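Asker: The primary structure of each chain is shown beneath.
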Amino acid sequence: MISFSGRKLSQSIILSLFLSFTVGAPAIAQSTEQKGFEISARSDRSDRGFSDSRVKLKMILRNAAGAESARTLEISTLEIPDENIGDKGLLIFSSPADIDGTALLSHVKILKPDDQWLYLPALKRTKRISSVNKSGPFVGSEFSFEDITGQELNKYTYEYLREEPCGELVCDVIKRLPRYEYSGYTQQIAWIDRKVYQTRKIEFYDRKGDLLKTLSFEDYRLYQKKFWRAQKMFMNNHQNGKSTDLIYSEYTFGVGLSEKDFVKGVLRRIR
Amino acid sequence: MQNNKYTRVDRFAVALAEKILLYPKITIFITLLIGALLASGVIRLQVSNNYRVFFSEKNPDLIAFEKFEGTYTKNDNFLFVLKPADGQVFARRTVDAVEQLTKKAWSIPFATRVDSVTNFQHSWADGDDLTVEDLIRNGASLSSEELDSRREIALAEPLLRGQLISLDADTTGVNVTLQYPEKTLTEVPTATAAARRIAAEIEKDYPGVEVVVSGISALNNAFAESTVRDGITLFPAMFVVLVIATWLIVRSVSVTLIKIVVIILSTAVAMGYAGFAGIPISPFSGSAPVIILTLAIADSIHIMSSMITLMREGKDKLTAIKESVRINFLPVTITSVSTIVGFLALNFSDAPPFHHLGNMASVGIAAAWFYSLTFLPAAISICPCRIRLTSGQPRGLQRFVERIAAFVTTHYKAMSICCVVFTVGLALAIPTIDLNDQWVKYFDERFEFRKDAEFAINNLTGLYPVEFSVSSGEAGAISNPSYLEKLEELTEWLRKQPEVVHVYSYADIIKRLNKNMHEDDPAWYRIPDSRELAAQYLLLYELSLPYGLDLNDRINIDKSATRVTATLNDIPTRQTRAFITRAKEWFSTNMPEHMRSGPTGAPVMFSYISERNIHDMLRGNVIAVILIAIIMMIALRSVTFGAFSLVPNIMPILMTFGIWAILVGQIGMAAATVSATSLGIIVDDTVHFLTKYLRARREQGLDRAGAINYAFSTVGFAILTTSIILAAGFGVLAFSTFKITGEMGTLTALAIIIALVGDFLFLPSLLLLGSKKTSSKGVKP
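Same order as they appear, the protein sequences are chains A and B.
For the first sequence, position 188 (counting from the first letter as 1) is numbered 187 according to numbering that gives the first Met the number 0, and the numbering increases by one without interruption.
For the second sequence, position 367 (counting from the first letter as 1) is numbered 366 according to numbering that gives the first Met the number 0, and the numbering increases by one without interruption.
The hints are simulated quantities; they were obtained by calculation from the structure and are not laboratory data.
Any given hint might turn out to be false.
[Said to hold, decoys possible] Think about it this way: if two alpha-carbon atoms lie no more than 20 Å apart in a straight line, the pair counts; the simulated SDA-like pairs of lysine to any residue are: (1) K123/A to I526/B; (2) K103/B to S45/A; (3) K66/B to H237/A; (4) K514/B to V499/B; (5) K103/B to A192/B; (6) K123/A to D125/B; (7) K182/B to A63/A; (8) K123/A to D128/B; (9) K102/B to L210/A; (10) K510/B to L122/A; (11) K111/A to E132/B; (12) K102/B to Q178/B; (13) K102/B to Q186/A; (14) K182/B to G208/A; (15) K111/A to N83/A; (16) K55/A to W227/A; (17) K207/A to Y179/B; (18) K103/B to D205/A; (19) K123/A to G126/B; (20) K102/B to N83/A; (21) K225/A to E78/A; (22) K123/A to E531/B; (23) K182/B to H237/A; (24) K207/A to T189/B; (25) K194/A to S45/A; (26) K103/B to G208/A; (27) K103/B to T185/A; (28) K514/B to L122/A; (29) K123/A to K514/B; (30) K263/A to D128/B; (31) K102/B to V131/A; (32) K207/A to K514/B; (33) K225/A to Y204/A.
[Said to hold, decoys possible] So, partial list: chain A residues that the calculated Cβ filter (under 10 Å) puts toward chain B: (34) L60; (35) R124; (36) R206; (37) L211; (38) G264.
For clarity, every value in this text was computed on a predicted model and none was experimentally measured.
All residues carry an ideal CB built from backbone N, CA and C; glycine is no exception.
Chain A with its partners taken away, still in its complex shape:
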C-alpha cells in the first residue's frame, strides 16, 4: 500500500469498510464521509495484488529562478496485504555521484513514525533515522516523504465534495484529512477519475489552511492489464515558486521480492 511507485492508493479495504459500517454512522452523515471513503477505497482497491514492483525514478527540481537539478534513484516496493501495516520500500540513489549507492529502507506505518534506515556507503554504516517528524522535503524537492508514501487509505478520513470534469474525464473530488499528528498538512483535495479510478490531481493545504502545493499525475499506463501507473508527477509549490517533476520509467512487476529483501541487514550488501 505504499506508493513509492507512483500509484496512489492500495491495500485491502474490507476491514476498513467493515469498521465503518459497524461504527454505525447515520445514513445522512454517511453520505459524504462514506462516499468519500468508498471512492478512495475503490481507487486503492484497483491496485491490489501487485505483490512487488521495481521502477526507476528521475526527479527534476526547479527553483523560483528557473534553475534545475536532477536526482535519480531506483525504487523497490513490497506490498503488504495487511492494511494496518504499511508497505515496505527500498530506495537506492544512483545520482548525484556523491550519494551513489546510498539506500533508504522504509517500513511505512499508518499512524506512527515510519521505521527508516539509511545506508551510507562512504561511512559503510547503516543509520536508523528515529525522528518523529519527517514531513520535510524529500532530497530537497517539493515532495515530502509523506507525499510519496502517504497514499495509504487509512492515513486519512474522507469527505466527498463534488463531481467535476477533469480533462477529458469526470472526477470525484474528495477532501481528505490526515490522521497522523505530525502531518505537514491540514487537508488535501484529491481528484479521482470515474473511468479507471486513478488520482489525477491533489491539492495540499498547509497548517494555516492555505493552498501550498498542487500535484498532477500525467500519462497513466496500464501494466499487466491491471495496474495503472502514472509516468509523470508534477508538484508545484504555490508559495515559494519552486517545482519538482517525477519521471518514472522501466516499471517491472513480479520481481520476486520478499520480506527478507526489506530488512536492515540487506542494505550493506546492495552493491
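Mind docking chain B on chain A? Use the hints.
Answerer: For chain B alone, kept in the frame of chain A given last:
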C-alpha cells in the same frame, strides 16, 4: 499702462482675463469640472508597504538581491522577541510561552517557516540511531535539569546563539519567514495585525513576558503606517498654517476661501493624477500634498496681492483683476515652470518615490498655475468680496524691508565679502557629511516599529542581515571538503568582525552532523573527510527534517552553493559599507575565484542608496541648472542676468548643506533630492526681484541703487511673505515620522530662508558691486 506698450504675452494675458471676466460662471464650472474629473483618480490611490519601493528595477543591488532570493527564499520575516521579567528563558513558563508562540506563528498569513529555540532541530546520536527532534517539546513538563541541559545546548549552538537566544539566555526570539503572493497591498498589514495579535495574546497568557514584533515585514508595515500617519497629521497642520497666513495677507474671509479652493483643487488634481498613473504612495512621495499645498499658495499670492494693491490705489475690482493677471502672467508662469523643472529633475534619481514626488508636485504646480489664472480671477470677480482697503501691509515689516534696502546699498562690499566667505567656508564642510541610511532610524521614536526594533537590537540580535551566496563552482560540490573548509574559514572570519553579531553557515551544520555520525564524539566536530561522506550526511539529515524547517532556504537545488548570513549590529551605514568593502577584500585574497560572492541583502541595498541617488541626481541637477538658467535668460530677456541670477541661488544650497554638515553631520537619501527642488523653488524670488529691478532700470531709467530700492519696495514684502510661507510649509515636513521626509523638509526650508537672506543681501550687493566698472557700458537695456 497703455495697450501699445503691451508685449504679446501681456496681450494674451489681457485677452484671457477679459474672457474669464465675461463668462465667470462658465469658467468656474468648466475648471471645477476638469478638477473633479482629474481628482477622481484619488480613489485609486494605494499606499505602498514594501521597502523595495525605494529601489528601481534597474538598481543593481536590488537585481542581485532578487536573484539571490530566487535561488534561496524571500527574506520577509517577523522576529518576535520574548523577554521574561526574571531573565530566565529556560524556565518552564517561558519555554511554554515560546512553544505556544511558535505554534501560533504558523497561523500568521503567508508564514512558510517558523524558527525558535523550542522547534530547533537538535540532532544527536545513540549508537547508530540518529535522532533529529525539537530541542524542546512540552517544555512545561520538563525538569529543571532537563531545561538546564537544553540551555547549554542552545548556548553552544552557533545557529542559535546571538540570533534566537541572547548570550546570557535572558531573551529569545521566534523568527517567522513569509512568502507574500504580492497580489494585494493588504497582505503586509494583515500579516502584521496577526503577528501583533499573537504577541498580545502571549503577553496576556504569560504575564511578565514581554513580546515585541520586529523584522522586515514589520519594517514594511511601518512604511505604510508612516505614510498614513503623516497624511493625517502634517497635511491638516499645513492647511491650518496656510489658511492663517493667507488671511493675514489678504484680510478677507471670502478671498481666503477662494484661495483654499484653488489650493485644494491643485492638490486633488495632483493626487488624482497619481491615482490614474498608478503611483503607490510611499513615505517620501506621501509628502506631495503638503508640498503642493505650500507651492500652490505662491502663485495665487502674487496675483491677489497685486489685485489688492491696485484696488487700494483706487481701481475698481474688474480692472484690478485684469491688470493683476496681466502683470503676473509672465512671472507666475516662469516661476511655475522653473519649480516644475526642479521637481521633474528628480526623475534622474534611482529611487521611484523621488520620481513620484517630482511628478506629483509638478502636476500640482501646473494645476495651481492653471487655477490661479482662471478659477481665481473668475471667482473673485463674482464673489461679494469685501476687501479692506485701509490696512496696508504691516508697517513694521514694510519698514524692515526698507531698512534692509538702505543697509545693503551702503554696505554692499562688506556684504558681498561676507556672503562669499560664508558660502565657501560652509561649502568646505559639505564633504564631511556622513551618508547614513539605517532603516530602523528612518522612523522616529514615536513609532512602535522603532521602539520594538531597538528592543530587539538591545536585547537579542541585530536586524541587518548581510547575505552571501557562496558557490562551489559545480553541482553537488558543496560537499567537497575543500569547499567546506573555505566556508568554515569564511564563517570564522565573519564571526571575528566587530560589526557581526551572528553568522548562519552550513559549515556549522555539517560539522555537527559529522559529530553525530561518530557517536557524538566532540573530536569529530569538524569538516568531513570526503565529499561522499558530507553528501550522504546531508542526505540523511534532510530526510530527518520536518515540514518548514528544511535546508532549502540555505542550500540551492543543485547543491552547488550555500548561503551564509551575517547579521550586523545596529551600526551606521558608513560602517556597513566599510564592512562590505572589507568582506570583498577578504574574498578576493582568501577565496578561489569561483567562491567569491558579493554581499547582498537589504542592508547592502540601503548602504549605497544615498550615494547611488546622489550620483544619479548629479546629471539631473546639471540639467535642471541649465534649464533654469535658460528660463531666467528668457524671463529677464538678458543672457548676462540670466546666468548671473544663478549665483545667489546656488549659494543657499551650498550653505544649507554646509550648515547641515556642521550642525547635524549625517543625512539619508533625502540628500539627493534637495538641490534640484530647492533651486526650482528659490529661484522664484530672484525672478521677481530681478524683473522689478530691470523694469526700473529699463523703463524708469533709474540707477542701480535706485532700481534696487524700487525692487525692494515693490516685491520685497511679497518675497518676504512667500518665503516665510514656503519655509513654514517645508518646515512642517520636519515633523514627519519618516526621517527622509523630515530631512528633505528641513533642508528645503533652510535653503528657502538662506535664499531669502541671499536675495535681500547678496543679490543687491552683487548688482552694486563693480558698478563703476560696468556703469559706462551699462546694463544693456
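Asker: A separate judgement is required for each hint: does it hold in the structure or not?
Answerer: Hint check results:
no. : hint             : result
1   : K123/A to I526/B : holds, 18 Å
2   : K103/B to S45/A  : violated, 41 Å
3   : K66/B to H237/A  : holds, 18 Å
4   : K514/B to V499/B : violated, 27 Å
5   : K103/B to A192/B : holds, 13 Å
6   : K123/A to D125/B : holds, 17 Å
7   : K182/B to A63/A  : holds, 17 Å
8   : K123/A to D128/B : holds, 15 Å
9   : K102/B to L210/A : holds, 19 Å
10  : K510/B to L122/A : holds, 15 Å
11  : K111/A to E132/B : holds, 15 Å
12  : K102/B to Q178/B : holds, 18 Å
13  : K102/B to Q186/A : holds, 18 Å
14  : K182/B to G208/A : holds, 18 Å
15  : K111/A to N83/A  : holds, 11 Å
16  : K55/A to W227/A  : holds, 16 Å
17  : K207/A to Y179/B : holds, 14 Å
18  : K103/B to D205/A : holds, 14 Å
19  : K123/A to G126/B : holds, 14 Å
20  : K102/B to N83/A  : violated, 31 Å
21  : K225/A to E78/A  : holds, 15 Å
22  : K123/A to E531/B : holds, 11 Å
23  : K182/B to H237/A : holds, 13 Å
24  : K207/A to T189/B : holds, 14 Å
25  : K194/A to S45/A  : holds, 11 Å
26  : K103/B to G208/A : holds, 13 Å
27  : K103/B to T185/A : holds, 15 Å
28  : K514/B to L122/A : holds, 13 Å
29  : K123/A to K514/B : holds, 16 Å
30  : K263/A to D128/B : holds, 13 Å
31  : K102/B to V131/A : holds, 17 Å
32  : K207/A to K514/B : violated, 36 Å
33  : K225/A to Y204/A : violated, 32 Å
34  : L60              : holds, 4 Å
35  : R124             : holds, 6 Å
36  : R206             : holds, 5 Å
37  : L211             : holds, 9 Å
38  : G264             : violated, 13 Å
When the structure is compared with the earlier hints, violations turn up for hints 2, 4, 20, 32, 33 and 38 and for no others.
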